[in-house]
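**Q** Protein chains in written order, with the UniProt record's numbering: chain X, 1 to 817; chain G, 1 to 817.
Hint data in this document are derived by calculation from the structure and do not stem from the laboratory. Small disclaimer: the values here were computed from a predicted structure and weren't measured. It is possible that some hints are incorrect.
Because identical chains share one entry, a pair is satisfied inside a single copy or across any pair of copies.
Here are the simulated SDA-like cross-link-like pairs (lysine to any residue), alpha carbons at most 25 Å apart as the crow flies [as the list claims (entries may be wrong)]:
| # | residue 1 | residue 2 |
| --- | --- | --- |
| 1 | K642 | T812 |
| 2 | K642 | A815 |
| 3 | K578 | S210 |
| 4 | K578 | D169 |
| 5 | K578 | G800 |
| 6 | K642 | D777 |
| 7 | K578 | A337 |
| 8 | K578 | D590 |
| 9 | K578 | S503 |
| 10 | K578 | S507 |
| 11 | K642 | T795 |
| 12 | K642 | D542 |
| 13 | K642 | L774 |
| 14 | K578 | T317 |
| 15 | K642 | T136 |
| 16 | K578 | A601 |
| 17 | K578 | D347 |
2 protein chains.
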Amino acid sequence: MPDTTVSDHPAERRAEDDGWRIRRTEADAGRLGETESIFALSNGWLGWRGNLDEGEPYGMPGSYLNGFHERRELSYPEDGYAFPQLSDTVISAPNAALIRLWVDGEPLDVRTGTLHHHERVLDLRAGLVERHTEWTSPGGHRVRVRSTRLVSLAHHPVAAVRWEVEALDGPVDVRVCSDLVANQRVPERSDDPRAATVLDEPLVAEYRRSDGPDGVLVHRTGRSGQRVAVAVAHLVEAPDTTATDTGCQGDRFRLALSGPLRPGQRLRLTKFAAYECTRTDIVDHPAEAADRSAGDPGGTGAERPTDLAARAVAAATEARSVGWDALVAEQRAWLDAAWTTADVVLDGDPELQQATRFALFHLIQAGRAEGDRTIPAKGLTGNGYDGHVLWDTEGYVLPVLTYVAPAMARSALRWRHAHLPEARERAAELRLPGASFPWRTIGGRECSGYWPAGTAGLHVNADVADAVLRYVAATGDEEFLVDAGLEMLVETARLWHGFGHWSDTGSYHLRGVTGPDEYTALVDDNVFTNLMARRNLRGAADAADAHPEVAARFGVDAAEVAAWRAAADAMHLPYDPKRGVHQQSAGFTDLPEWDFDGTDADDYPLLLHFPYLELYRKQVVKQADLVLAMLRSPGDFTADEKARNFAYYEARTVRDSSLSSPGQAVLAAEVGHLDLAYDHFAESVLQDLEDLGDKTSDGLHLAALAGAWIALVQGFGGLRDDRGELCFVPRLPRRLTRLAFSLLWRGQRLRVTITPDEVRYDLPGAGPDVGLDLWHDGERVRVTGGTSCVRPLPTPPDPGPEPPAPPGRRPTRRATA
Amino acid sequence: MPDTTVSDHPAERRAEDDGWRIRRTEADAGRLGETESIFALSNGWLGWRGNLDEGEPYGMPGSYLNGFHERRELSYPEDGYAFPQLSDTVISAPNAALIRLWVDGEPLDVRTGTLHHHERVLDLRAGLVERHTEWTSPGGHRVRVRSTRLVSLAHHPVAAVRWEVEALDGPVDVRVCSDLVANQRVPERSDDPRAATVLDEPLVAEYRRSDGPDGVLVHRTGRSGQRVAVAVAHLVEAPDTTATDTGCQGDRFRLALSGPLRPGQRLRLTKFAAYECTRTDIVDHPAEAADRSAGDPGGTGAERPTDLAARAVAAATEARSVGWDALVAEQRAWLDAAWTTADVVLDGDPELQQATRFALFHLIQAGRAEGDRTIPAKGLTGNGYDGHVLWDTEGYVLPVLTYVAPAMARSALRWRHAHLPEARERAAELRLPGASFPWRTIGGRECSGYWPAGTAGLHVNADVADAVLRYVAATGDEEFLVDAGLEMLVETARLWHGFGHWSDTGSYHLRGVTGPDEYTALVDDNVFTNLMARRNLRGAADAADAHPEVAARFGVDAAEVAAWRAAADAMHLPYDPKRGVHQQSAGFTDLPEWDFDGTDADDYPLLLHFPYLELYRKQVVKQADLVLAMLRSPGDFTADEKARNFAYYEARTVRDSSLSSPGQAVLAAEVGHLDLAYDHFAESVLQDLEDLGDKTSDGLHLAALAGAWIALVQGFGGLRDDRGELCFVPRLPRRLTRLAFSLLWRGQRLRVTITPDEVRYDLPGAGPDVGLDLWHDGERVRVTGGTSCVRPLPTPPDPGPEPPAPPGRRPTRRATA
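Whole structure, please, built from the sequences with the hints as guidance.
**A** Written out as structure tokens, the structure is:
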């Protein structure tokens, strides 16, 4: 019985290449929720949390499909106009990952008996999670269980598990149940306002069928009008004495195997699962869905239960025909290709090298979508934030994917475009022109239940526009611009133009918005928002001028374009001349200072210990805001202003959001505080591996993980892309001897290698007829295929002493540790 | 069978004295909810809505006890620190007002059969609601039903009904059921955010007993730990052929009478009800109540069900012994005494004369409390605002009661004082020193579910302090100041001092608050709030200086007093020199203007048609705010500033709140726009009689009704009391030939009579040894008993043309109609 994927003991491989493997052992058995998120596998369409094969114990069971959700009522103690009345909530699709074991009648449960070994490994190159457990049951029978799990990056509907049990010390009777279960019980969530809400038994059974070792279940959601079919096909390798029993009951299909195992004898099961779902690769229009009767939940065009079931069965049996080994090989091949561009090499810090690859692995598996799909804030790794998509996607994730996997960025932007109808409806509801994209959503409608930190965060629209402009600049994808991008630029520009107003003195203002910093809400002239809106207005104007016939289809004329440009040119940026710093928003630097000395370490995160009444009116910053503005719009600040602004806001930023560190890292690097930049980078990249926010159990922080790349490539690489050109001003943190990364620009892969003395630019694999223009430290440079372009590493400015953070809130020192 | 209270037909009395009677006839039968509020009777402790005797149809059944409430969970789509998790909700006590009639088996129901007459009259001098109905049943039997109802102003627990039916055309069989019912079904409320929430079957039966024609029910609330006993005692005058049946079942006690009536024969029932309740005349501490087990819901010190029942039965039978005629006479005597001070005479406008008396009647019956009780925003006339107490009480109602019934003001202020513990807890929760009184409450804890228009409305604390200072100035009640007032002043001053901060330039600021105008929230330096806080700080400092030994008990020392004074002296008042007006809050006049021309008439009230996102950032004012500041703190504005400010804000105030008109009326009168002032007064006084806000069905707007007095006495009377002295600058609107009112000052009753030529000040009933100092139009005047002090009516300033209101939002013209 050959075992091609799991060596006899993971310890043998430990030294081999830990830079590509994430390990957790029995010592981590108590941190279930956290490891479930870390070991989550996904292909952007289907996500399996890293739950134990046997299902229990768990932190939170989860198997998610992109866009598959239920809808629930929101209630407000004091309701208000345009407060969303329904919210989308991610729910688990039926769980096909379960394989339960009984040893002489006792269930395998790592909390009972004796756990000799318990190790799980996420292989970032293979795209597999391997598990190895040696356990003696309470009755004294020792077994070894090994499993390998994949969610296929090559075949969208498919996931698979290879699982085996071996008797070790003596003969045992085993019973193995491979389950497919819907409506698995999920625990209640905490009272923390950031945690998500769950629904009990959200799925209604519509169809079930078993056929020998294979089975299929079809369910539908109660209100959101979606239908899901999950099929499993099995391959059993077991002693002849093994009895088999299969069947469906209620919300479950089960294949049960039972019989004796002699010492050394194994029972192996390979399980191929396929998920199919209506209305996830087509646009979900909630209004239509809500109108559907329970009798015809799929509505017009949705597949019938039996048809959907047939499609899932076909995919599962096809996967079995392809075979486990081929699935594993395809997985590796897909990842090899992806890593070619995505990998970032950090010589000198193996721990953060590994963490960086972990971050990028989750980013690219989350982005691996076909059709018009986006990436929720937690990917498909947990149900935090109710599974919602937030500005994290356009603000953090797409700036990475645009350069390492542009097709993924396009897919996410097309998803936004597909939801323009809901965004237009929302704008009309808000009594504004154009389109207003939701702060939080799954199906496209606004689901935010606290408007000062939701609806008022209008910058999400400019973040979308910014992502469009960046994508088009990096790829030259004019087809996308004409098909979708321009319309999004136009409608968001209209929103800003309808929202802003002219002052008596001829400046343009955006009042009453909330910027990225959620500790300061409903402010006037938030610099980040104003600069992003300016970029949005100008980007729309440029695109309309470049494609006047397309713009005309949306009713854009020269007068409208001129009005956008005039507003953009006059956009007000509040500045405090006395302190020599920009004001995050009008009057910010006049607000009372936060009493940091009087704030206990236990008082963080502040939002759990202080009312908004206190937070909003004081100079305390949850997350980079003005600092992020300097990253997005670097040309609007002088070097001196950047240094002063950075120091001013660093001293007031408590980083109660994982979105904060990336921007701080980049600006710290730019102004020359390289140690501090490195420490911010480390906080971002370790957000989940070290569970820094104590929230990893709800799912991974994809924006923070993307932030690791942003910190490395925009921070140390010094990449700036606001002018539609590639500009680098590299720095090398002292912990590293080499930093190397790649990015795609107009179809070319540019490789950048930074060492203590020089910066090397290459176009790997390109011939001498291929060239790429970029800026290196202010110098125009042309990189040609076949030849390295080498420049000296620029000397960073001497920034003076490191600016203090609020007491106790500096990131952990790693650069100098 | 004599009938001493109801003449044979109300029409006979119509011409007699309509200035004291409110009538509604069959034409109003469809406006049930509205008339139930208008005909509500109360004695401050018990309130009966004007439901029909037979119970159905109804808008909203209601019998309320002051402070009697249930508690319910609040849930937030996105929760936040210090968001209240429980809310108090008024619930109906058992209803003893019901008397149902069947005529030959068919129930009296004004929606069926033929309604020949249907008239109800509220007699404002008698304190009675009389009803007269002539009806022919669907089966063709004509009857006359007459009833008179009172809630005793002399005997707190007591209410009574005299009811009779008479056969008119031919013999009929009648069945009369006098019911006492708990957990009466109430309709679901609308989705309007301003409407209240109700609870189904909130009362748990604990005890019931019937004894001949008398009965008693005892119930408790599920969570708030309150117990209520209601007893009824009957007097029956019926033909000998009448059969009687009584008994308790479930939540009901019933006395049933049945038998034949010959034409002209009557059956009369007099029903005496008494309500007793635990924990309403003692302070309700919710924390304690919440800890109580269901098994001992009354907790330590609460009366047992049987004891409470005995008390109610004793009160009801005592009332029967006193007798109906005596109750009616006492009611009249109490009101005669109250009207001596409270009445305001308006010669020249009979309609608004009547409306003014209606307003004052409801004010004094709502304020008629013994013990430390306050007055909810709707009194005991409906369950709007969940029965909550808001700043309406100290901001609008107490400024009236202080002068016409100071004991009522004291009772309400003592209620606030009794809830200082909860206010201190709330301040601590908000991480602030001192005490923070709730925005909305019944039991003392914050129940506001939308903090930008709740918790952020910190001015409620200064409103309480202002009411304390006014009460002490008007009454000289030093005992109250020492016992309760000083502590409230100190704790609220501490709140302000902990909340405010000094700028670099030495001015003092209160940032991030919401003033009276709820269309502009979370603003800096709201002038109203800053001026009220200044008054609070100075008032606390003065009181502490006057009573240093008392202040020392609360830890006040000279340094703290000096700090209060310094903050008060430096309080910043934003002013726009370019426009020559004060800014309602910092930067207000720089905000975009509201597009009034683009706003449809149907778009009002704006909060139901526009998001806060639009409302908050524009120059649109829901209710007088800066204008109210000029009323409260007139010395901080020059006459020119008042005129300019009034005109500026008049053009931007949409009056979507019934709290708006009173302040607008007063300032309009001051700056000389007397017609406009009169029209604002009319809007305030007719708020409920004409149901101007379409909300009267939820209960009366007591603040608007108080606003009628404010408009008359502060507006046309020109009373200003901010200096602790009586100052008048009278005006007479052209519709009136005489305006006369009284107010109590240090125990003396001052009568002010304004006619076109002169102003007459008297001390009715006082001897020549009694004098009272006041200011008349800037002249120091001493009024002496026995002699009228006569001065010429000051000439108002020429204000120029009337400032425009937003299109379509000027109050209806009545001054010139």
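**Q** Would you mind marking each hint as holding or not holding in the structure?
**A** Cross-check of the supplied hints:
Taking CA atoms no more than 25 Å apart as the test, K642 paired with T812 passes inside one copy only; the shortest distance there is 23 Å, against 58 Å between copies. Taking identical chains as interchangeable, the C-alpha atoms of K642 and A815 lie at most 25 Å apart only when both belong to the same chain, with a minimum of 22 Å there against 63 Å between chains. For the homomeric pair K578 and S210, neither the shortest alpha-carbon distance inside one copy (76 Å) nor that between copies (81 Å) is at most 25 Å. For the homomeric pair K578 and D169, neither the shortest alpha-carbon distance inside one copy (78 Å) nor that between copies (92 Å) is at most 25 Å.
Proximity of K578 and G800 under a CA criterion of 25 Å is satisfied intra-copy only: 21 Å inside one chain copy versus 44 Å between copies. With identical chains, the CA atoms of K642 and D777 are at most 25 Å apart within one copy only, with a shortest distance of 17 Å there and 61 Å across copies. Proximity of K578 to A337 under the C-alpha cut-off of 25 Å is found in neither arrangement, the shortest distances being 54 Å within a copy and 65 Å between copies. When the C-alpha separation of K578 and D590 is checked against a cutoff of 25 Å, the pair qualifies both within a copy, at 11 Å, and between copies, at 22 Å.
With identical chains, the CA atoms of K578 and S503 are at most 25 Å apart both within one copy (23 Å) and between copies (13 Å). With identical chains, the CA atoms of K578 and S507 are at most 25 Å apart both within one copy (21 Å) and between copies (17 Å). For the homomeric pair K642 and T795, the shortest alpha-carbon distance inside one copy (17 Å) is at most 25 Å, but the shortest distance between copies (63 Å) is not. For the homomeric pair K642 and D542, neither the shortest alpha-carbon distance inside one copy (28 Å) nor that between copies (50 Å) is at most 25 Å.
In this homomeric assembly, K642 and L774 come within 25 Å of each other (Cα to Cα) only inside a single copy, at 23 Å, whereas the closest approach across copies is 64 Å. In this homomeric assembly, K578 and T317 never come within 25 Å of each other (Cα to Cα): the closest approach is 71 Å inside a single copy and 79 Å across copies. Taking identical chains as interchangeable, the C-alpha atoms of K642 and T136 are never at most 25 Å apart, the minima being 61 Å within one chain and 87 Å between chains. Taking CA atoms no more than 25 Å apart as the test, K578 paired with A601 passes in neither setting, with 32 Å inside one copy and 47 Å between copies.
Neither within a single protomer nor between protomers do K578 and D347 lie at most 25 Å apart by alpha-carbon distance, with minima of 44 Å and 62 Å respectively.
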